[in-house]
Amino acid sequence: MKALSHPNLISIRDLSAQEIELVFFTADHFKEVINRPIKKVPSLRDTTIANLFFESSTRTRLSFELAEKRLSADVVNFSASGSSVSKGETLIDTVRNILAMKVDMVVMRHPDAGACQFLTRHIDCPIVNAGDGAHEHPTQALLDAFSIREKMGSVQGKRVAIFGDILHSRVALSNIFCLKALGAEVMLCGPATLMPRGIEELGVGVTNKVREALEWCDVANVLRIQLERQQTRYFPSLREYTREFGINRKVLDEIKKEIVIMHPGPINRGVELSSDVADSGRSIILQQVENGVAIRMAVLYLLATRPQLIE
Amino acid sequence: MSTESRVIVQPTHLTLILQRLSEELLERHPGFHNTVLIGLQPRGVFFLNRLTTVLQARISGLSGEMAVVGDASDAGLNGDAHVNMPAQGALDVTFYRDDFRHRTEPLSAHATQLPFSLEGKKVVLVDDVLFTGRTIRAGLDALLDFGRPNRVELMVLVSRRFRQEFPIHPDYYGIEVNTHDDERVRVCWDEPDGAQITLIKSNG
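Those sequence lines, one after another, are chains B and C. Oh and the first sequence: position 246 is 246 in my numbering, straight run, nothing missing. Oh and the second sequence: position 5 is 1005 in my numbering, straight run, nothing missing.
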């Protein structure tokens, strides 16, 4: 396995287990590159990449931009606020106009699920999904699995519990697909109101007891409560959520084993995760951020250099 | 498409070549004081590993000779008796190549290991076969991202003539061969009776 079979990365399901391994293997080398005194390589110096962010983002956007710059690509940034989108331009028109300026690849975040998939039918260049609504966030899942592999040696056979707002989380869905493809066991834990109906069909365990999930797992991936996506109230109050589902030092001390703590950010400190746990030695939250740049370099590199691109 | 292959350097001959290249290195890098040897991944590293074994044996022999001479201060090379093994590294040039879009098979990367600073060093880049010079061009770019060496030299085992696309020529080479574009030169390090060099010709 030396090349990706799909021209885009929209969903983790575009990738086979071997292709995920190829991304990891390539990211290993890029991780070495970004730890050099000169942190860049000239691979994509002939490629222009547009970052289209129709929804706000700090980490993902910076991470993609750094990844692009460290591959020597030319980068243009676009954010929906202050653009012609507010004047009523459609998505296809916006993207076609940007591509007319000779852009070779698109990285897109959009508040609507399926926006990237929709775009692939209308434009002819590689698209990387940087998060589409509550659907998927494939590079986040890749960097999460890569961080587990780095911390624990492999992903195969590991037990990963995902805590929190599963219903609104694109990270949860991509993580389930990625971890299952790599042979890990997955359990979801959250309030019943934030658990999508029928999610067990994906071959994952479901519980609403934090203690049970923690005792079962090797890795706890704690998600943020996405208040901005919640139009109705799914639980009585944040305080009550924290009391029932928040992960803190006391809960972790009660179970007799060391669990690796992950969080895709941004953290609501003191809501889903207490500060003493987030900043402790068992948290790999900042390693996830570092690995994010290497993973995104690998994805962009592999998509831009697919041999099928030869004229 | 059928291929025919012909051994152009026998194992015994290759051993002699490795010995000669070690001698040339010793001669031009007195004491190896500031010298590092860097193999290009992947096959230059196989060559460098073999060369290192020969060089190591030669250097142990050298310290033996000096012990016989007695006073180490006026023996040896250029008045300095002490010969250290030069440090070795491995450099991967995949991300520096200019031809990945022209290939049908994608390239896969290998590890870069340069556990030393290149600042002010004399670097000998080591690769097995020099053909168009594009790998070495990429190697020079990759190398300069790690610091500013004082001097860079090139050692190849096989120098293929007539197809050099860049003004790049080896400072040390094992053999020169005249080849056509449809031929390949392969150095096989794990043959049963020792390493050998094979010329492979595609017919049709």
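Think of the hints as simulated: they come from the structure by calculation, not from any bench. Since we're looking at a predicted model, the values are computed, not measured. Wrong hints could be hidden among the right ones.
[As the list claims (entries may be wrong)] Straight-line alpha carbon distances no greater than 27 Å define the calculated BS3-like cross-link-like pairs of lysine-lysine that follow:
(1) B:Lys39 x C:Lys1201
(2) B:Lys87 x B:Lys39
(3) B:Lys39 x B:Lys2
(4) B:Lys151 x B:Lys40
(5) B:Lys31 x B:Lys209
(6) B:Lys40 x C:Lys1201
So, going through the hints one by one against the coordinates:
no.	hint	result
1	B:Lys39 x C:Lys1201	41 Å, violated
2	B:Lys87 x B:Lys39	40 Å, violated
3	B:Lys39 x B:Lys2	24 Å, holds
4	B:Lys151 x B:Lys40	25 Å, holds
5	B:Lys31 x B:Lys209	37 Å, violated
6	B:Lys40 x C:Lys1201	39 Å, violated
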